[in-house]
Structure formats: C-alpha cells, structure tokens
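Residue numbers (the working numbering), protein chains in the order written: chain G, 1 to 121; chain A, 1 to 109.
If you're looking for bench data, these hints aren't it; they were derived computationally from the structure. For every residue, glycine included, the Cβ atom is placed at its ideal position computed from N, Cα and C. A few of these clues could be false.
[Claimed, not checked] Quick partial rundown of chain A residues pointing at chain G, CB under 8 Å, derived from the structure:
1) Asn36
2) Ala45
3) Pro46
4) Ala48
5) Tyr51
6) Thr52
7) Asn55
8) His57
9) Tyr89
10) Leu91
11) Tyr93
12) Thr96
13) Arg98
14) Leu109
[What the hints assert, rightly or not] Footprint (simulated), chain A over chain G, 3 or more residues, beta carbon under 8 Å:
15) 56-69
16) 109-121
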Amino acid sequence: QVQLQESGPGLVKPSQTLSLTCTVSDGSISSGGYYWTWIRQHPGKGLEWIGYIHYSGKTYYSTSLENRVSISLDTSKKQFSLRLTSVTAADTAVYYCARDSSGFPYYIDYWGQGTLVTVSS
Amino acid sequence: QTVVTQEPSLTVSPGGTVTVTCASSTGAVTSYHYPNWFQQKPGQAPRALIYTTNNRHSWTPDRFSGSLLGGKAALTLSGVQPEDEAEYYCLLYYGTTRVFGGGTKLTVL
Numbered sequence: 001q002v003q004l005q006e007s008g009p010g011l012v013k014p015s016q017t018l019s020l021t022c023t024v025s026d027g028s029i030s031s032g033g034y035y036w037t038w039i040r041q042h043p044g045k046g047l048e049w050i051g052y053i054h055y056s057g058k059t060y061y062s063t064s065l066e067n068r069v070s071i072s073l074d075t076s077k078k079q080f081s082l083r084l085t086s087v088t089a090a091d092t093a094v095y096y097c098a099r100d101s102s103g104f105p106y107y108i109d110y111w112g113q114g115t116l117v118t119v120s121s
Numbered sequence: 001q002t003v004v005t006q007e008p009s010l011t012v013s014p015g016g017t018v019t020v021t022c023a024s025s026t027g028a029v030t031s032y033h034y035p036n037w038f039q040q041k042p043g044q045a046p047r048a049l050i051y052t053t054n055n056r057h058s059w060t061p062d063r064f065s066g067s068l069l070g071g072k073a074a075l076t077l078s079g080v081q082p083e084d085e086a087e088y089y090c091l092l093y094y095g096t097t098r099v100f101g102g103g104t105k106l107t108v109l
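All chains, full assembly: derive it from the sequences and hints.
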C-alpha cells in the first residue's frame, strides 16, 4: 500500500508563499504511470482540485489558481511540492496530496492524511 | 468555469438503497469523464471508492456501485450500513483537468 505524507508550515502570513511537500513511500513517483496531485478543502467545504505534475515534468493547474501555483518534483527524495504565492485568508484550507493515474483506467487512489494551513498575521 | 453538482444531502434507512448523482454544467456525463467517487468521514482524508464509472478499488465493499444514469454519474449504495454515514464526492475528468462535485452528506437514520 502506498503512503503519502504532507509536511510544511501550518501558519503562513498573508501575502507570503505557502510551501508544502508530499513524501511518497514507494518508487512509483519515478514511474510515468501517475500524476502527483494537490487538492485542498476549505474548512467545512468541499474538495478543490489544485493541479498535478507528471514524472516528465509536465504540469497542469486549476485555472482559478494557475497564476499563483506551481508544483515540482524531486524523485531522488520521493517528494513533490506545492508553492502558492501571495496567499490570503481564502487560502486557509486542509491541503492533501494524492496519486492520480496518468493513463486508462483513470483514478485517484491514495491520499495523504492532509495538513491544515492557516493564513493569518 | 465548469461546475459539477451533487445533491447536498440525502437520508437513508439502514439496510436501504440510495443513489447519489453527479451532473456536469457542460452537458451529459459520459464514460469519457471517467467518474470517480470518494467517501470522506469527519476528520479523515477522502477514501477512493469507485473509478472510471463502475470499477471498485480492491478495498471497496460490494454494496457500493457506480453507473451512468440519465446523463449523470451515479453512486448507489445497497444494504446501507450505519458506517456508510459520510460525505460523498464525485470527481470528473475534463481532459487534463479534474473537477470535484460539491459533495453529498449521507445520513443513515
């Protein structure tokens, strides 16, 4: 069973950059078979897809966040990371990392436990 | 901006059957939206249930099934158990992007 674990600061000041890392337990991060994905959930609200990165380095982002978000990959550390710039209180959320298949059949199977990031001065 | 819509809430009796649906603002949901379904309980991460319309993950109980119904994706729970009380989310694929539904709170009463 694959495990994913988010890590990073739980508190970020407004206008600063939110940075999170997801560590993957197995070597699947180095295969071309998956998209490494970030998803968030505002308090008491639904899930919001942020974007993903493929082993090839190709990235895709939500149109609502694409001007502020970037996702990167470090296969040597079995990690991928999220950066969200110019944060506001509206970016306060639980952030999840997840694994998304990059070919048929299409699925998101494994998720991290999530990490709460609060944007506040 | 694509919007994916689910029933906000549903109630079912233990042992009963309930269907949660997932509609797309772009038109009918088809198999090419590769519908996925997730269950989330309070304080927990979502758990994958169904992928590519009607395929169960290895850990998904048989009482959960997926389908396409009247232009929507559907998740049906048969023989509902008390532990099925949770929030359920669909996910639709739109080419290179994905959009989650707003979630359905299922109460077992």
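For the hint on A/Ala45, does the least C-beta distance to chain G fall short of 8 Å? Holds: closest Cβ of chain G sits about 5 Å from A/Ala45, inside 8 Å.
Let's test the interface hint: is any C-beta of chain G closer than 8 Å to that of A/His57? OK, holds: A/His57 within 8 Å of chain G, min 6 Å.
Identify whether the interface hint at A/Leu109 stands, where standing means a beta carbon of chain G within less than 8 Å of its own. Because about 21 Å separates A/Leu109 from the closest Cβ in chain G, which is outside the 8 Å limit, the hint is violated.
With 8 Å as the cut and Cβ atoms as the points, is A/Tyr51 at the interface with chain G? OK, holds: A/Tyr51 within 8 Å of chain G, min 3 Å.
Measuring from the C-beta of A/Asn36 to each C-beta in chain G, is the shortest one below 8 Å? Constraint on A/Asn36 satisfied, holds at 6 Å.
Does A/Leu91 pass the interface check with chain G, least Cβ-Cβ distance below 8 Å? holds (7 Å)
Against chain G, run the beta carbon of A/Tyr89 and see if the smallest gap drops under 8 Å. For A/Tyr89, the interface hint holds, since the closest Cβ of chain G sits about 6 Å away, which is under 8 Å.
With a cut-off of 8 Å on the beta carbons, see whether A/Tyr93 makes it to chain G. holds (6 Å)
Evaluation of the interface hint that places A/Arg98 against chain G, nearest CB under 8 Å: holds (5 Å)
Taking beta carbons only, do three or more residues of the segment 109-121 of chain G come closer than 8 Å to chain A? Coverage by chain A holds here, the residue count being 6 at a Cβ distance below 8 Å.
Under the criterion of a CB-CB separation shorter than 8 Å, is A/Thr96 in contact with chain G as hinted? holds (5 Å)
Interface restraint verdict for A/Pro46 against chain G (beta-carbon cut-off 8 Å): holds (6 Å)
The structure fails hint 14 only (numbered hints given earlier).
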